[in-house]
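Peer 1: Spelled out from the first residue to the last, the chains are:
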Amino acid sequence: MITVEDLSVSFGAVQALRHVSFAAQTGKITAVLGANGAGKTTLLRTISGLKEPKNGSIRFDERDLVGERTEDIARMGIGHVPEGRGVIGEFTVEENLRLGAMTAKVNLQRGLDEQYTMFPVLGERRKQHAAKLSGGERQMLAMARALIAKPTVLLLDEPSLGLAPLVTAQLMHTVQDLCETSDLTVILVEQNATSALRIAHRAVVLHVGKIVANDEAAVVAADENLRQYYLGLVE
Amino acid sequence: MDPFLTSRIVTDVLGGLTNGVTYGLVALSLVLIWRSTGILNFAQGAMPMFATYLGFALLSYHFGYWPCVVACVIAALLIGGLTERLLVRRLYGKPEINPIVVMVGFLIVLEAVAAAIWSSTPRSLPSPFSTIHWQLAGKPFALSPFTVYEIATALVVMLAVAALFRFTNLGLQLRASALAPEVSRLLGVRVGRLLTLGWMLSTAVGVITAILVSANFFSGLTPTVMDGIFAYGFIAAAIGGLESPVGAITAGVLLGVVNQFVTDFVNQNAVIIIALGILVVSLMARPSGVFTKSTQRRV
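Just so you know, the protein sequences line up as chains X and R, in that order.
The numbers in the first sequence follow the numbering used here, run straight up by one, and end at 235.
The numbers in the second sequence follow the numbering used here, run straight up by one, and end at 299.
Accuracy of the hints is not assured; some may be wrong.
[Unchecked claim] Estimated spans, in silico, between C-beta atoms of each pair:
| id | chain 1 | residue 1 | chain 2 | residue 2 | range |
| --- | --- | --- | --- | --- | --- |
| 1 | R | S124 | X | G84 | 42 to 48 Å |
| 2 | X | D72 | R | I132 | 54 to 60 Å |
| 3 | X | G84 | R | S130 | 58 to 64 Å |
| 4 | X | G12 | R | L59 | 34 to 40 Å |
Hints in this document: simulated from the structure, not taken from any laboratory.
Quick reminder that beta carbons are idealized off the backbone N, C-alpha and C, glycines included.
Using the sequences and the accompanying hints, generate a full structural model.
Peer 2: The following block contains the structure:
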């Protein structure tokens, strides 16, 4: 479980997160929703140690992640698929996956086989440079590269960005399957609230750095005010 | 063909090959640092020069050639590592011009300090193999045991660097750290340590060149011994492609051969002009280097 308490983050005079507190339960999907500039990506970057908070704590397995280095946080089992996917275009698909497995002490061949079973298109393109993949394939590669390290927590930043609805639905289905078949904890940052709420167990809604809702996903999905004013979901 | 002309051509090819491997090694060290840290190091000649002075200072205590070579490599590893930790680390993420200016400044400082400590008088370093050219049909041939040693050393170093990047996890992490440091950190790669290691390895490759060049009786070891070689090594790296270790060595060797022919058949003063001309033409034809695979991005 990841517990965020009273987290505040600033960029100079601009406060990106204000006293944010929530818990992501083990084996569940927690959706973090909100408009552009709400602080969703900043929240994930702070959990991963890429951004230092002004105050607050992030607890994982009884350890406070604040002040830990990003690479150490990754080695604790927190995988992060960044916004824009972050695959290394100059590397082949297989090199990207090897890099993901390298620091996690997992059996590389078994890991590759698992990921190629989960994402068959990556197996077909294993020798291709990642720069030549389509947007959906790159998103699959970014997820596979994080999953090959067998993380206990997966931070997903806008996985549906720029993808066709069908590809988005496939990715969301994969995330849901992973949570059901393992104890993987997922924090899913999305602008596409409809897709995220469909698979999430809980939802946190951010508005200009503050939490305006933190409840069961079904409750958030049914709240007309939240849907209309914060999630842009108009019937 | 005229036997005299044939002999001249063979001599030029072999002489060019010998010079070319030193250009190739400098190019290789530039490629190494580029692939592992994404910086063009203009002090890539001066840092190995300084390490060579430090290592061969042991000669005055009557240590042999090979212990001094080991000392030079250790000194190079230390200089490379300290330079990255104390100087270069502050330049990451800054505009691209910053590392260039700082490293040019560092080159000037290193050469000035070396001249102040060891003077600018050339020091002839010992050679582990004979530099006397072999005879063929009673006439001196273009190769000597030492030139064969130079060529073999360049080949071994090139293959080792290519294997490091292509087949090892360490090579993959070095490349990832240079190409995408933030993503690498998110995958648990200790980017800081790898960047330091990249500079250490690159300076170690550079010092092998400096040792070979300084064994030349005519030039010897001076604070500026690597300046000319660095210029041709830089041209070779740009022609071969900064991503390709094999390209760096190949372009260096070809450049050495072309330079030798220009010196022999045209004029020594035309060498740099011809070399720069080749650079311009090759960059116009293949901007990312002759030996670098271009990758197309689907949008």
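Peer 1: Give me the numbers of the hints this structure contradicts, sorted from smallest to largest.
Peer 2: Violated hints (numbers, rising): 1, 4; every other hint is consistent with the structure.
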